[in-house]
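Residue numbers (the working numbering), protein chains in the order written: chain L, 6 to 326; chain S, 95 to 438.
By construction, these hints were calculated from the structure, which means they are not laboratory data. Just so it is clear, CB atoms sit at the ideal spot from N, CA and C, and this is done for glycine as well. The reader is advised that the hints may include incorrect statements.
Here are the simulated lysine to aspartate or glutamate pairs, DMTMM-like style, with alpha carbons at most 20 Å apart [said to hold, decoys possible]: (1) S/131 - S/433; (2) L/195 - S/433; (3) S/240 - L/204.
Okay, the calculated bits of chain S under chain L, using three or more residues with CB under 8 Å as the criterion [unchecked claim]: (4) 114 to 123; (5) 212 to 220; (6) 294 to 305; (7) 406 to 420; (8) 427 to 433.
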Amino acid sequence: MSITYLEAIREAQARALKDDPRVFIYGQDVGAFGGAFKATKNLAKEFPGRVLDSPISEDAMMGLAVGAAIEGLRPIIEMQFADFSTVGFNQIVNQAATLFWRTNVPCPVTVRLPCGGTSGSGPFHSQMMEAIYAHYPGLIVLTPATVEDAYSMLLEAVAIDDPVIFCEHKFLYYHLKADKLPDTALPVGKARIAREGRDLTIVTYSAMVHECVAAANELASEGWQIEVVDLRSVKPLDTDTVIASVARTGRLLCVGEAWPWGGVTAEVIARVASEGYELLDAPPQRLNARNTPVPYHPNLWTAHRPTARAVVSAARKLLRT
Amino acid sequence: MLETVPGLPAGDATALGREKAVLAYGFMLRARLLDDKFATLYRAGKIHGGVFLGRGQEALSAAIGVSLRDSDVFAPLIRDAAGRLAFGEPIVDAVRNYLGSALGPMRGRDGNVHRGYPREGLLPMISHLGAMISVVNGVLFARRLKGQTGMVGVATLGEGGTSTGAFHEALNQASIEKLPLVMVVANNQFAYSTPNSRQFACDNLADRALGYGMGAHNVDGTSLPDCLATIGQAVETARNGGGPQLVVASLLRLCGHGEHDDAGYIDPKLKASPLGRDCLKLAEEYLLSQKLADAAQLAVWRSQVVGEIEEAVNQVQREPTPDPFTEKWTALSSPHLNEMHDEI
Chain L
6 MSITYLEAIR EAQARALKDD PRVFIYGQDV GAFGGAFKAT KNLAKEFPGR VLDSPISEDA
66 MMGLAVGAAI EGLRPIIEMQ FADFSTVGFN QIVNQAATLF WRTNVPCPVT VRLPCGGTSG
126 SGPFHSQMME AIYAHYPGLI VLTPATVEDA YSMLLEAVAI DDPVIFCEHK FLYYHLKADK
186 LPDTALPVGK ARIAREGRDL TIVTYSAMVH ECVAAANELA SEGWQIEVVD LRSVKPLDTD
246 TVIASVARTG RLLCVGEAWP WGGVTAEVIA RVASEGYELL DAPPQRLNAR NTPVPYHPNL
306 WTAHRPTARA VVSAARKLLR T
Chain S
95 MLETVPGLPA GDATALGREK AVLAYGFMLR ARLLDDKFAT LYRAGKIHGG VFLGRGQEAL
155 SAAIGVSLRD SDVFAPLIRD AAGRLAFGEP IVDAVRNYLG SALGPMRGRD GNVHRGYPRE
215 GLLPMISHLG AMISVVNGVL FARRLKGQTG MVGVATLGEG GTSTGAFHEA LNQASIEKLP
275 LVMVVANNQF AYSTPNSRQF ACDNLADRAL GYGMGAHNVD GTSLPDCLAT IGQAVETARN
335 GGGPQLVVAS LLRLCGHGEH DDAGYIDPKL KASPLGRDCL KLAEEYLLSQ KLADAAQLAV
395 WRSQVVGEIE EAVNQVQREP TPDPFTEKWT ALSSPHLNEM HDEI
């Protein structure tokens, strides 16, 4: 018996609906059809009236969620693709993110963003949105990299009293598997050491965790011990775990699938540079996607995002510095 | 007739006709004199940021407020002082939000027309036009999920806001869900400086209701009795399961977009047309003609409201302003999720 990353997301929603009558799911095709990726498969049948198709209206979907949250409910909004959340951007960053600060009324909305690239998906079905949402005060931004985290962090997201942007990576949906769902989990805000090492710290999150672990395994055959830190949540960002790791290794490489300008990798480097400068034996480095829209063709797509091979190359260079 | 603490009397839905007109007039008068006070304070440099008045829209706004019950939902916009007061907002809280009192509903974190009490059904507007409508939908949707019935939600907007995608998305959504939403559009002829000819190309904005599957209503926004009748009908239709309703009121904004704007772009001919009539004066004429009040009574009410406003301003001017040293500086309600980084 094994469970995929996607099934874990479906199971977390089933459990949230079962355990908490305040939870409902609203999004395009999430009802009888079960969602474009089947993340809500059979949920409309199991929980009548609580898993509802929305019109193609991301702005109104988010506005409705905020209104329902004001009434004490805990909506889960499925954006069909993270890319389309830009159409609902205003309601997320100006309505949901400001509500508590302005009025003292919490806004417990979970927004699921199927994010990241898969081959053949092109510029508008592949984007990583975590940096843009993390920029706004009042939002929590989660980026689970494992089946276990997809499950436990989605359940925690629904329980959090603030708006949560849940970035679930489409590349991990089907091929990432676990034996069973977890009984316990690290809380949101704690990073995880995905692989221990002493020569170099790679800080990463979401699907890039797997590219980085693969890179670390390859470098291990050359005798290098690479530590991989999986941030799990990019906001809040667990600076302590990152700094502690850099204190052990003296070298930092940040890897993200998002675009290079600003963003999570830049934030991590800024924090380490200002709070742990004396721990660094070499200038910290970043590896991101290329600074273009995400390409369609696999030849271009595999060269656009960081891969294990690109991580190995960047790590080798840094290890020699 | 005017209450010291504004609010709806119980069973207001049955208080139709003459009594309701007097009640609504009271809120129109309060709103007009309160707006005048804000304009004076603005010119005296006592208000940080902008001042946005509802002059010319009081009849429409008050008619909304007196047509709603405490259990209803109201998302007012910038020219709805009358409706807010009629829905139950204390004058003192309006003053607090303009003067930045730490005791106000937004505690200095937001100002002027951005105020409300979400849990009490008075939603605090954000500046992005059309964005509050789907939030009203969400409140109504949630209450239906919780098994609550019999309530209505009203959102207001100017004609300029009807050009947004948010307006379209939200009305379509309300119609699909058959929510008891009443969308009230004040067609005041100008969106800031932009005239209707550059805003929409249909003959009548209410015609759009057909495209959404909503009920359509047109009303002369300068006439209090007409507004009471039309808004009252739209609200009761929605309350009784008739689905969402669109009301378009024709009137003229009798002020600038804000007090920083002299509105020199408004054609004097338009001001002299029936659209440019002052709804407050018309309401007074109506009360006199219907023998609901005489000139002496109107003067007494006016002086009573001036006193209420002066008292509120005097009180608020003695209240503390927000303190950056005790401000928590966090936008999250979950303390454990605040980053250490925030405290640097």
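Exercise for review: Verify the coverage statement for the region 294 to 305 of chain S against chain L, using a C-beta to C-beta distance below 8 Å and requiring 3 or more qualifying residues.
Suggested key: The restraint on the region 294 to 305 of chain S is violated, since only 0 of its residues have a Cβ under 8 Å from chain L and three are required.
Given that the region 212 to 220 of chain S was listed as covered by chain L, double-check it with a C-beta distance under 8 Å for 3 or more residues. Three-residue rule met by the region 212 to 220 of chain S, so holds; n is 5.
(message) Just to be careful, I want the Cα atoms of residue 131 of chain S and residue 433 of chain S compared with a cutoff of 20 Å; is the pair within it?
(response) It is violated: about 43 Å lies between the C-alpha atoms, which goes past 20 Å.
Inset, instruction - Test coverage of the region 406 to 420 of chain S by chain L using CB-CB distances below 8 Å; three residues minimum. - result: violated (count 0)
Quiz item: Given the proposed pairing of residue 195 of chain L with residue 433 of chain S, does the C-alpha separation stay at or below 20 Å?
Solution: Holds, at about 11 Å.
Original post:
Do three or more residues of the region 114 to 123 of chain S come closer than 8 Å to chain L, measuring C-beta to C-beta?
Top reply: violated (count 0)
Annotated coverage of the region 427 to 433 of chain S by chain L, confirmed only when three residues or more have a Cβ within 8 Å: holds (count 6)
Please verify whether residue 240 of chain S and residue 204 of chain L have alpha carbons no more than 20 Å apart.
56 Å, violated
The structure shown violates the earlier hints numbered 1, 3, 4, 6, 7.
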